[in-house]
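> Take the sequences, apply the hints, and build the full model.
Going down the list, the protein sequences come from chains F and P.
Position one of the first sequence corresponds to residue 14 (our numbering), numbered consecutively onward.
Position one of the second sequence corresponds to residue 33 (our numbering), numbered consecutively onward.
Hints in this document: simulated from the structure, not taken from any laboratory.
Any given hint could be a false lead.
For lysine-lysine, the following DSS-like pairs were computed, each having C-alpha atoms within a straight-line distance of at most 25 Å [stated by the list, open to error]: (1) F:Lys29 <-> P:Lys46; (2) F:Lys453 <-> F:Lys463; (3) F:Lys17 <-> F:Lys29; (4) F:Lys29 <-> F:Lys130; (5) F:Lys29 <-> F:Lys453; (6) F:Lys99 <-> P:Lys136; (7) F:Lys463 <-> F:Lys446; (8) P:Lys46 <-> F:Lys17; (9) F:Lys463 <-> F:Lys452.
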Amino acid sequence: MSVKTDLSYPGVMSRKNEIMKRAVGLDYDQFELGGLAFDYEMMMAQAGYSLDQVARIQAETGVGRTPLLELRNLTRLARLSAPPGKGARIFVKDEACNPGGSFKARRAAVSCYQAAKLGYRGVIAATSGNYGAAVASQAAMRGLNCIIAQELFDSRDLSQPEILEKGRACEAYGAEVVQLSVGPELFYHFLVLLEETGYFNASLYTPFGVAGIETLGFEVAEQVRALTGRDPAAVLITHAGGGNVTGTARGMIKANCRDTAVIGVSVDLSGLHMASDRDFNRKSFTTGHTGFGVPFATWPDRADVPRNAARSLRYLDRYLTVTQGEVFYMTELLAQLEGLERGPAGNTSLAAAFSVARELNRDEILVVQETEYTGAGKHPSPQLTFARSQGVVVRRGDPVDNKPGELIVIPNRPAQISARELDLNALKRSYLKKARAEKKSEPLHPVERKYLAAEINSTENWVEDYFREES
Amino acid sequence: MEQAKKGDWVQIYKVLLPPGERAPGLPPETAAAPLAMKVKGHLIEETATAGDVVSVQTITGRIVTGELIAVNPAYRIDYGCPQPELLNVGAEARRLLNEEAEVK
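Structure representation (structure tokens):
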């Protein structure tokens with residue numbers, strides 16, 4: 014890199030578009046329709062891969078085709094607190110079996126394939142989550158260099174054990190791990206690294222990455238049909254940036270599984286500021302929480318690519334939250350009743366499934382579509398040990414008393430697990446509010462109105478009414 | 033910290049953006065701290081001790097400079113302490129399932 018390169022924050026951010034264009038190998042301008050609108054399906058069709066192509070790419074590196082397991086004891090337990098005749102059968106897709114230990118291998122497989130195909134020497138991803146290990150593992154298989162940038166330590170030099178473990182895993186797969194202090198400038202340094210190395214941006218949010226998850230939804234539909242002869246009533250999907258929801262839902266549509274409810278689930282971290290040096294180590298979940306889920310659902314294009322391929326409001330039928338304590342409790346139950354020791358973050362949607370099962374009939378099927386690997390640091394006991402060291406109180410009780418950053422309540426009884434509904438219409442209005450702010454006082458073009466209706470899976474009239482009421 | 037010699041696997045620390053040069057709109061406690069980075073690599077200098085500004089070659093071949101903070105840094109991750117609040121969760125659930133089985 015030239016010594017003259019301006020590495021100040023405004024200097025780097027002003028070069029964002031050119032850096033991105035070079036690092037994704039994709040000209041997003043071709044999908045723009047003017048104003049707010051772009052052609053999402055054209056982007057997914059032209060820049061992504063077909064389901065069959067993705068499955069072939071993933072098979073090359075041992076990704077996908079994970080087992081679908083029926084959780085018979087957890088289903089029995091849920092039925093104990095269900096109304097008569099209620100208590101759906103709960104199945105889990107054991108995605109921890111993927112190389113790298115999570116469903117993120119599906120995204121990473123396609124990103125690394127794309128990077129190798131386009132002739133890049135390496136890949137970079139900015140992530141404190143499982144995606145780092147997934148990219149590192151897939152890059153190793155494709156012979157690519159790999160850099161993972163993590164937001165890791167606060168100003169006291171303290172780090173979440175979960176993120177430390179993910180960094181160790183990245184190094185185990187031969188990646189360079191760049192550890193950063195708390196702040197949204199992770200993205201700034203990510204741009205610096207892309208510019209310096211000329212590597213591929215293995216973003217979570219490219220059409221290739223999200224297309225990689227479509228096989229997960231497709232496999233869920235196929236496996237449930239093969240095992241039970243019917244379609245699932247609902248699939249529960251942990252919601253962080255929205256790619257998991259988007260890709261899974263698209264895959265299920267491709268399997269013609271159209272009556273299955275798509276339910277997003279996040280850990281409730283309301284009240285904690287995601288860019289706060291103080292709050293950073295007061296949370297026990299570093300992903301799959303509302304701090305990512307709500308902002309990304311209500312404005313997807315805040316991502317590290319010009320147009321985000323993960324657009325969850327297009328697909329969500331419901332969006333639920335669960336508490337940190339409920340997820341730790343379910344993680345313990347999964348190990349002790351089903352013999353599956355898995356990481357807590359991957360059990361977010363499992364906690365919600367336990368609650369939703371009580372709403373559905375006994376012959377109906379619920380699918381929890383992921384698990385993640387576990388290990389030192391990434392496990393209830395180290396995560397709660399760390400939480401206590403940060404002054405967070407951990408006790409048994411009723412999960413309604415949970416207070417993010419202050420109190421983690423481990424339920425007294427399974428019957429207390431109760432997912433809470435986020436108002437999807439309120440999220441849709443929040444999306445439209447941002448769209449309106451972007452438009453300033455200009456009127457909506459008909460193309461934009463149609464686009465916004467698709468974005469929030471609503472009608473053009475609903476969009477028009479919102480804009481009229483708010484003006 | 034012992035002295036590091038050329039080729040040792042070391043960790044360095046570097047301030048990327050000092051307070052005042054960070055992104056706009058940060059919470060005050062974040063804005064008051066620098067944006068800092070830690071990276072590991074093989075030491076390029078012949079010898080160095082903690083606090084020296086050194087260069088390393090990372091695993092991908094990049095050359096990065098910063099303050100030497102550790103030689104062969106440990107992975108400090110463990111399973112923590114058993115959590116009293118979780119210790120009985122499995123047994124309690126099995127008891128509920130057994131009670132149900134007996135009723136039937």
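> With reference to the structure, classify each hint as holding or not holding.
Hint by hint, here is what the structure shows:
no.	hint	result
1	F:Lys29 <-> P:Lys46	holds, 23 Å
2	F:Lys453 <-> F:Lys463	holds, 18 Å
3	F:Lys17 <-> F:Lys29	holds, 17 Å
4	F:Lys29 <-> F:Lys130	holds, 24 Å
5	F:Lys29 <-> F:Lys453	holds, 24 Å
6	F:Lys99 <-> P:Lys136	holds, 17 Å
7	F:Lys463 <-> F:Lys446	holds, 16 Å
8	P:Lys46 <-> F:Lys17	holds, 19 Å
9	F:Lys463 <-> F:Lys452	holds, 15 Å
Of the numbered hints stated above, none is contradicted by the structure.
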